[in-house]
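Chemist: Below are the chains, spelled out letter by letter.
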Amino acid sequence: MSVEIHINNVVKRYGDLTIIPGLTQDIRNGELFTLLGPSGCGKTTLLRMIAGFNSIEGGEIKFNEQVINDIPAHKRNIGMVFQSYAIFPHLTVRENVEYGLKLRKLTKTEIKKKVDDILEVVRITEYQDRLPERLSGGQQQRVALARSIVIHPSVLLMDEPLSNLDAKLRIEMRSAIRDVQKQVGITTVYVTHDQEEALSISDRIAVMKKGEIQQTARPHTIYTRPYNIFVSTFIGHSNLFRGHVQSTETGKAVVFADGYTVPMDNLSEEAGDGMEVIISVRPEEFSIQQEGLACKVRTKVFLGKYINYSLGFPEEMLLPDQPSIEFSQDLGHAEQVLEVGDTVTLRPNPVKLNVFTSDGSRNILRDVVHHE
Amino acid sequence: MNKKLFKWDFWTGITILSIAIFGLFLIYPLFSLFVSAFQNADTGAFSMENFVRFFQRKYYYQSMINSFWVTTCVTALAIVIGTALAYFMSLYTIRFKSVVEVCIIISLLSPPFIGAYSWILIGGRSGILTQFLQTTFHYDFPSIYGFAGILLVLTLKLYPFIYLYVAGAMKNIDSALIEASESLGCSGIRKVVTVIVPLITPTILAGALMVFMNAMADFGTPMLIGEGFNVMPVMIYSEFINEVGDQANFAAAMAAIMVIITSTIFMLQKYVVNRKSFAMSSLRPMQVHTMKGIRNVVMHALIYLLVAVSMIPQIVVIYTSFLKTKGSVFVPGYSLDSYRTIFESLGTAVSNTYIFSTIAILMIIFLGMTVAYLTTRRKSWITDIIDTLTMFPYIIPGSVLGITLLLAFNDEPLLLSGTAFIIIISLVIRRLPYTLRSSSAILYQISPSLEEASISLGASPIKTFFRVTAVMMLPGVMSGAILSWITAINELSSSVILFTGATKTMSVAIYTEVIRASYGTAAALSTILTLTTVVAMLIFFKVSGSRNVTL
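Protein chains in written order, with the numbering used here: chain A, 1 to 372; chain B, 1001 to 1551.
Please note that the accuracy of each hint is not assured.
[Said to hold, decoys possible] Computed footprint of chain A on chain B, listed as stretches where at least three residues anywhere in the stretch have a Cβ under 8 Å from a Cβ of chain A: (1) 1385-1396; (2) 1458-1465; (3) 1468-1480.
By construction, these hints were calculated from the structure, which means they are not laboratory data.
Quick caveat, the model's predicted, so the values are computed rather than measured.
All C-beta atoms, glycine included, are put in the ideal place defined by N, C-alpha and C.
Construct all of the structure, not just a fragment, from the sequences and the given hints.
Modeler: Encoded structure:
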């Protein structure tokens, strides 16, 4: 029942305004595929084009080999979960879940069995005769999930399903969705702007900006080897330093603006001697050492598991317009706690470093993948 | 879902139907009205003479001045009474508050001209009070006819509008705003003037427009109690009745003038309200206090007096209906003769009233829901046109609508005058805009993702509309429809022009009976109408679960 989705060069326009200029992406059968990006990047628009609620101005979308551009939404056999849950308030939990099945001309016993099963899977059997207004947000979202899965859709589409829940429920529902999705084995497209949610739930993530996909990869790859500066700063925090490539007979290295040199053996062919680059270091990739980058502690925020310091560097070492340069110190391994005003030498972990072209558009490490 | 140029479906049908109804029964008649206003009665050539005649002869233009004068006074008085009442009812403990509220709503919903008619029974030339004062104290009661009578009746009838609007707004004032002003050192009367009054001003203006339009357009009251004091609706009606058979150009010109006046007022109010309006919602409504001592007694006395005076017409009418009559004269004793007469000779008027208004309401519910869906969920330039068209009935007085319909459909091939259909259509045209507004408001509360959820589950858009959207709209629309039904059974100003013997309704029958001076049957008919109104109102309270009457 579940399908692959092929998105071939699709275009979305509202009048003169182009939201998606031409986007291509394949989504594999049975995977949980996440569209991640800031608001206005076109992720929900793309999802609604797959659903059939937005028209497609160019290109095509296929479920397996079937082009669905001209199939109306109600005939596409999709399941959709909405940000607002969209539970029918005039129907009980059970009637909500039955709604799609009744339209499919199944016998009463078939309907009953399917509904019983799915209520069990999402664990809302005990609430089946209640009206939705008497359910919590998390329970409502379980109803929405059951209602969309019970019809055995070709694809399951989820539009920011957790953003109306409080932090604790969000984490609980995250794993509930993940479990149910794997159990049913249905191709799922999941839209969110919450990077932590995306990293924890997805098989693959597509990071979007202004209607274009920046990188498609597994969560681990996205975090450790971002394809460009946008991905690197949008997912997690990245400190960006100016630097250049040094190439000698013994090998290649990157040199920070203050002269600190880090030898690297995974720079691509493209990295020639003297090439201007941006070096990206994540806050947790620093460690306090004798050698490294000298800086000053500006502020200190204690967060329990770790301490977050904001650092002061000479201006010429940094890329301009960064909100802050951060170092997070894991308290489980910290030997020395810093105070505001301390001067300290921090060494970036060479294996974790990412190096970008000077315009930030590409990562020049050898093991980077654009589309995984 | 590629856009096709033209797709024939349910919604296209509704679009065409609604444009056809409004085009055929509102725009076309209105257009013919304006055309005939600019025509010479004999030659049919273009001319301004009808307007010239109106503004040259004092007899005619005086009616416009009178209309303005009495309407302005009614509006001002209604604002003062309604606002003061709402203020005290909202902020202080009033004994039997809900009884007071129900009485206020009854006096608002009861047939408009019943007030005029029963005040004549009380204070008219041979009224109960007049004769009592004259025989006992030899005191001549001041005349109730003319300006004073219209002012009295219309104010008592219309102040509830202001009350309901303002009381609603008072509920939305957050007590934190009052506390904030107190913490800044503001108290007493200054608090009322600097905080409360500005907050409710847009609401008062909205209510004032309703009062103004109703008072301006009211036909029954000035017709019965106005006597020498001519106002425009009466003037239009009598000119029209006199001219009929001949050409109605002069009446048309007066009707056109009236439409211009009401639309100017309407736009002016919209302009002011748009500049001043703001959204309010309260987490914690203002506290209700208990007034102490003599002030408490005075406040209660005034409120009860007001309610009593408002209720007098209903009571007088019900009482009169049980009096014994001989011909059209009352004789001592009580009987059910008046009711017997009704069922002998006016049975069709009773059944017509219920049949016409029920058919009209069913049409209004269906069109209201579907057209509201079109204009909110399927916006396009066509639906914008429909949206604008539906504003028109707000500014067209009932008697003018009646005249336009009669002028337009008095001839082949569209000979509809004298049919029940034309009366039903006039009810639909007049009340549909209100249902449309409230349906749109309800639709805006329903998240479109509910419909999308239904579609994604495999229901076609039209199935979705009937199984999800319509079902969710229905409770709100129904309670609005009950109110519309109440106004429909009480409607006089357009039916009085459109009726014939076979299509007479109760309100028309009351009017003609009063004109014939058979007060007994008129009172019995009024009682039936009032009781129906009260019953319908109780159903409304039950259905809507609140006393929020919005007309």
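Chemist: Hint by hint, note whether the structure agrees.
Modeler: Outcome of the hint check:
Counting residues of the stretch 1385-1396 of chain B whose beta carbon lies closer than 8 Å to any beta carbon of chain A gives 0, which falls short of the minimum of three for the stated coverage. Residue count for the stretch 1458-1465 of chain B with a Cβ under 8 Å from a Cβ of chain A: 6. That meets the three needed, and the coverage hint holds. Given as covered by chain A, the stretch 1468-1480 of chain B passes the check, having 3 residues with a CB less than 8 Å from a CB of that chain where 3 are the minimum.
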